[in-house]
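Trainee: In case you want the letters, here they are:
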Amino acid sequence: MNVTITVNGEVRSASVPPETTLLVLLREHFLLTGAKTGCDVGDCGACTVIVDGKAVNACLMLAGQADGRTVTTIEGLATREGLHPLQKVFEETGALQCGFCGPGVIMSSKALLDEIPNPTTAEIRNALAGNLCRCTGYQKMIEGVHEAAEMLQSTTTPATLATKTPATPALAALPQR
Amino acid sequence: MADDVMERDVSVLEKERVAPVETLRRSDEALRLPAVAPPTALPLEPPLVPQVGEQTRAVGLRAQRPDSRNHGLGLTRYIDDIALPGMLFAKIKRAGVASARIVRIDTSKAEAMPGVKAVLVGSEIPVNSFGPSLQDQPLLAAPIVRHAGDGVAAVAAVTEQIAEAAIDAIEVEYEPLPGVYDAIEALKPDSHKVHGGDTNVYASKIIKRGDVEKGFAQAYRIYEGRYYTPGIEHAPMEPFTSIADWDANGRLTVYASIGRITLARCDMSRTLGIPISRIRVIGTVVGGNFGGKNEIRHEPVLALLAKKAGRPVKGRFTRVEEFVASTIRHAFTMDYKTGVTKDGRLIARQVRMVLDGGAYCSFSETTLGKACILSTGPYEIPNSLAEGYVVYTNKTTAGSMRGFGAPQVCFAYESQMDEIARDLGIDPIEIRVRNMFREGSISSTGQVLHSVKVKESLENAVKKFGWEARS
Chain A
1 MNVTITVNGE
11 VRSASVPPET
21 TLLVLLREHF
31 LLTGAKTGCD
41 VGDCGACTVI
51 VDGKAVNACL
61 MLAGQADGRT
71 VTTIEGLATR
81 EGLHPLQKVF
91 EETGALQCGF
101 CGPGVIMSSK
111 ALLDEIPNPT
121 TAEIRNALAG
131 NLCRCTGYQK
141 MIEGVHEAAE
151 MLQSTTTPAT
161 LATKTPATPA
171 LAALPQR
Chain B
1 MADDVMERDV
11 SVLEKERVAP
21 VETLRRSDEA
31 LRLPAVAPPT
41 ALPLEPPLVP
51 QVGEQTRAVG
61 LRAQRPDSRN
71 HGLGLTRYID
81 DIALPGMLFA
91 KIKRAGVASA
101 RIVRIDTSKA
111 EAMPGVKAVL
121 VGSEIPVNSF
131 GPSLQDQPLL
141 AAPIVRHAGD
151 GVAAVAAVTE
161 QIAEAAIDAI
171 EVEYEPLPGV
181 YDAIEALKPD
191 SHKVHGGDTN
201 VYASKIIKRG
211 DVEKGFAQAY
221 RIYEGRYYTP
231 GIEHAPMEPF
241 TSIADWDANG
251 RLTVYASIGR
261 ITLARCDMSR
271 TLGIPISRIR
281 VIGTVVGGNF
291 GGKNEIRHEP
301 VLALLAKKAG
311 RPVKGRFTRV
321 EEFVASTIRH
331 AFTMDYKTGV
341 TKDGRLIARQ
351 VRMVLDGGAY
361 CSFSETTLGK
371 ACILSTGPYE
381 IPNSLAEGYV
391 VYTNKTTAGS
401 MRGFGAPQVC
411 FAYESQMDEI
421 ARDLGIDPIE
431 IRVRNMFREG
441 SISSTGQVLH
451 SVKVKESLEN
461 AVKKFGWEAR
471 S
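Respectively, the protein sequence lines represent chains A and B. Here UniProt numbering is used: position 176 in the first sequence is 176, and no number is missing along the way. Here UniProt numbering is used: position 266 in the second sequence is 266, and no number is missing along the way.
Careful: at least some of the hints might be erroneous.
If the Cβ cut is set under 7 Å, some of the chain A residues that face chain B in the computed set are [claimed, not checked]:
| id | residue |
| --- | --- |
| 1 | Phe30 |
| 2 | Thr37 |
| 3 | Cys39 |
| 4 | Gly42 |
| 5 | Glu75 |
| 6 | Gly76 |
| 7 | Gln87 |
| 8 | Pro103 |
| 9 | Tyr138 |
| 10 | Ile142 |
Straight-line C-alpha distance at most 27 Å; calculated BS3-like pairs for lysine-lysine [stated by the list, open to error]:
| id | chain 1 | residue 1 | chain 2 | residue 2 |
| --- | --- | --- | --- | --- |
| 11 | B | Lys455 | B | Lys370 |
| 12 | B | Lys464 | A | Lys140 |
| 13 | B | Lys370 | B | Lys453 |
| 14 | A | Lys140 | B | Lys463 |
| 15 | B | Lys208 | B | Lys453 |
Hint data in this document are derived by calculation from the structure and do not stem from the laboratory. Backbone N, C-alpha and C fix where the C-beta goes; we use that ideal spot for every residue, glycine too.
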């Protein structure tokens, strides 16, 4: 069957067997390997992507069900101007250790922040309930989401900063801290 | 004429010379790669990790991983993100019975399925056993199945679905055997012997200091208790995944998220019967290890399937296989007997523990050793005797996991310390401070300890978790 989805702003189609999941479509047909296969039964959340604004387990959604929809994966978050605040704070707070759950956690958090710009800790915990992590103990992720929410609400997010000043070339001097 | 030319001064063309390879190979700061390669497509701000040659202060800075930038961007290439052209997918059929003899395996239906490129059973493996200390674990059971997660046959097919259907089409006939499912039961003389022989005990360790009997005779009170900790699965987010690929010269390349590459090469060399120099293992970024990815699992099976099919083969454990066919933390049954003086000083401790090793040895010997060494706790006890045994049972194999036995014994001795403190009416912190290692203390193994910071650590912790304010 033919499936056409808008993934990270780009319209892409593929001809796939009907049992193909959205996860396999993204990973094997579109080579977007950011979403991970952790359990393949919807328990771990490593495959989380955003479909029409909602965080979903890509392993539980058939590619056919995603036909005509808009999908955002981890690869679609950073822009030429800079990292998404979530990616930035997760890096800074050490919320990513082995990193395997990271893309899923970041996508779940993004779906939350898109809906609730200033979530409470309980709301963050609830949003991340479907994302398992074996390294971090979740605390740094929750702190990171709070921090990212603040960054997104303040006027000087890294993205807006970067538009004002030209992007520094990679490997330039470290920012002063 | 020629003489004239020879006598003239010869001028040499001025030319810039390229440094010879030897010069380039010298450690040169400018030639080294930065700790994090700059992302190629996205002109992002530089990574927040110290760069080569840069002086940084460490204390007071947030610790950052050099690889977390790529983790957050979804650019990290884990093993499952790698695909080779023409790659097949492998699935292993699990026994599903804990103790049995394989009477017959019929793979003909699977072999006839379109898309199936190779089928493998245990009898085809050159040396069908592996293990880091005892080589007692078969790659595919033949003919004895010793736990439900034992593989019995493997298939490589063009898609994962076809491979899955093919292993379902393999018919295996089992003759049930008796089994043993409890470590204490396994100690009994009349229990089922998992690996034959007279006993299920395959490793033991005894550590003795002083004379416990004399210590118990002098004790004001003696406390006895049995403590039990269960088996635990590491459950890393990334399941075991590997890719095996042969080249035309008969050299094998294995991509695997494995922690011990040289051990993996040794085990593969042994099982496949080829020299270690022909095996290359590429360790990929590990998506969680916790001790569970320290040895090979299915790599030689994938290699043999790849050889049969003439194509690279990828195998990925399902989450269920991750629980039944990998290793787990040892379940411990621990008997603690401790003699104390009136003021709460430990003067004798006897520990007997039985480790449930599951069906195969794996890292049991290492775990047993460390558990016995640490079983008396961070306390100075003049008389101690620790005895440990590992037994085979028809259960999931126990192997290495963070701490190698240390957390299990810690649960036991600290539980008993609380019981002693409660009974003697001494504050639980106070009784620990009275007994703990100090500078120059001698441990149960006879080691003289230096730079001992147990007391400071405990005092710090007490301050931080508000022990004084407890109700």
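Trainee: Against which earlier hints does the structure fall short, listed by number upward?
Mentor: Failing hints, ascending: 1, 4, 6, 9, 10.
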